[in-house]
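If you use numbering that gives the first Met the number 0, the sequence shown corresponds to residues 0 to 172, in order.
The set of hints was computed from the structure by calculation and includes no laboratory data. The beta-carbon is built from N, C-alpha and C at its ideal position, and this holds for glycine as well. Be careful, since some hints might not be right.
[Claimed, not checked] Computed beta-carbon distance windows for the label pairs:
1) Q168 x S135: 25 to 33 angstroms
2) A159 x Q86: 17 to 25 angstroms
3) D54 x Q3: 20 to 28 angstroms
4) D26 x F79: 16 to 24 angstroms
5) T148 x T119: 34 to 42 angstroms
[To be verified] As a list, the in silico BS3-like pairs of lysine-lysine whose alpha-carbon atoms are at most 30 angstroms apart:
6) K162 x K59
7) K110 x K71
8) K152 x K59
9) K59 x K151
10) K97 x K71
11) K101 x K162
12) K97 x K142
13) K142 x K152
14) K71 x K152
15) K162 x K151
16) K97 x K151
17) K142 x K162
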Amino acid sequence: MKLQGQHIYLRAIEPQDIDVLYAWENDVENWTVSNTQTPFSRFVLEQYIASAHEDIYSAKQLRLIICDASHKSVGSIDLFDFDPNHQRAGVGVLIADKSDRKKGYASEALKLLIDYCFTTLNLHQLYCNITVDNESSIILFQKHGFMITGIKKQWIREGAHFKDELILQLIRS
Numbered sequence: 000m001k002l003q004g005q006h007i008y009l010r011a012i013e014p015q016d017i018d019v020l021y022a023w024e025n026d027v028e029n030w031t032v033s034n035t036q037t038p039f040s041r042f043v044l045e046q047y048i049a050s051a052h053e054d055i056y057s058a059k060q061l062r063l064i065i066c067d068a069s070h071k072s073v074g075s076i077d078l079f080d081f082d083p084n085h086q087r088a089g090v091g092v093l094i095a096d097k098s099d100r101k102k103g104y105a106s107e108a109l110k111l112l113i114d115y116c117f118t119t120l121n122l123h124q125l126y127c128n129i130t131v132d133n134e135s136s137i138i139l140f141q142k143h144g145f146m147i148t149g150i151k152k153q154w155i156r157e158g159a160h161f162k163d164e165l166i167l168q169l170i171r172s
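Please construct the entire structure, taking both the sequences and the accompanying hints into account.
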């Protein structure tokens with residue numbers, strides 16, 4: 000599967016993505032936003048990649064790799080908690096290397112994913128959870144029509160402190 004944009008494209012996970020996924024999943028700077036507390040083994044990630052061909056209706060999730068025009072993998076965009084009955088899914092996006100951020104990759108990937116979800120998967124709504132201090136992600140999702148619909152108080156622990164987390168939703172019109 001390949002979803003093409005102007006500057007990036009989204010593609011399915013391939014076995015050769017093991018090294019990049021291993022680096023991204025074990026980068027502790029990503030753990031807060033991915034709700035991870037322990038490293039992933041190469042074996043677990045290989046099993047994940049081996050099962051990535053499963054249909055979204057059975058796996059209830061989908062991860063796509065974001066590639067730039069030179070075919071470099073710059074990040075991933077995920078659907079999780081896929082619920083075909085209620086026609087909704089959660090969305091998460093990662094641009095892994097800080098040098099690849101602020102280039103519009105996440106915005107273009109999110110636009111492609113929204114179009115795919117509403118036209119191909121026939122979803123009614125998408126949602127995401129973002130900590131209140133993650134201003135760039137809040138701006139990104141709001142730019143694409145997501146609205147803040149709730150707040151989970153002191154939801155995410157970071158060290159000795161707790162952060163509030165926003166719930167944003169995009170409902171297909």
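So, going through the hints one by one against the coordinates:
Our hint of 25 to 33 angstroms for Q168 and S135 is violated, since their Cβ atoms are close to 19 angstroms apart. The hinted range of 17 to 25 angstroms is not satisfied by A159 and Q86, whose Cβ atoms lie roughly 40 angstroms apart. Range check, D54 to Q3: Cβ separation about 22 angstroms, and the 20 to 28 angstroms hint holds. Checked against the hint of 16 to 24 angstroms, the C-beta distance between D26 and F79 comes to roughly 19 angstroms, which is consistent with it.
Between T148 and T119 the beta carbons are some 25 angstroms apart, a value that contradicts the proposed interval 34 to 42 angstroms. With a CA separation close to 28 angstroms, the supplied pair K162 and K59 stays within the 30 angstroms bound. Between K110 and K71, the direct Cα distance comes to roughly 19 angstroms. Compliance with the 30 angstroms bound is thereby established for this hinted pair. Distance check on the hinted pair: K152 and K59 sit about 27 angstroms apart at the alpha-carbon level, within 30 angstroms; holds.
Between K59 and K151, the direct Cα distance comes to roughly 24 angstroms. Compliance with the 30 angstroms bound is thereby established for this hinted pair. A distance of roughly 14 angstroms separates the Cα atoms of K97 and K71; the hinted pair therefore holds under the 30 angstroms criterion. A threshold of 30 angstroms between alpha carbons decides the hint, and for K101 with K162 the separation of about 24 angstroms falls inside it, so the pair holds. The suggested pairing of K97 with K142 holds, with an alpha-carbon distance near 21 angstroms, which does not exceed 30 angstroms.
Proposed proximity of K142 and K152 is supported: the alpha carbons are some 24 angstroms apart, at most 30 angstroms. For the hint pairing K71 with K152, the CA-to-CA distance comes to about 38 angstroms; that exceeds 30 angstroms, so the pair is violated. Taking the CA atoms of K162 and K151, the gap is near 9 angstroms; set against the 30 angstroms cutoff, the hint holds. At most 30 angstroms may separate the alpha-carbon atoms for a hinted pair to count; K97 and K151 meet this at roughly 28 angstroms.
At most 30 angstroms may separate the alpha-carbon atoms for a hinted pair to count; K142 and K162 meet this at roughly 23 angstroms.
Hint compliance for this structure: hints 1, 2, 5 and 14 are not met, and every other hint is.
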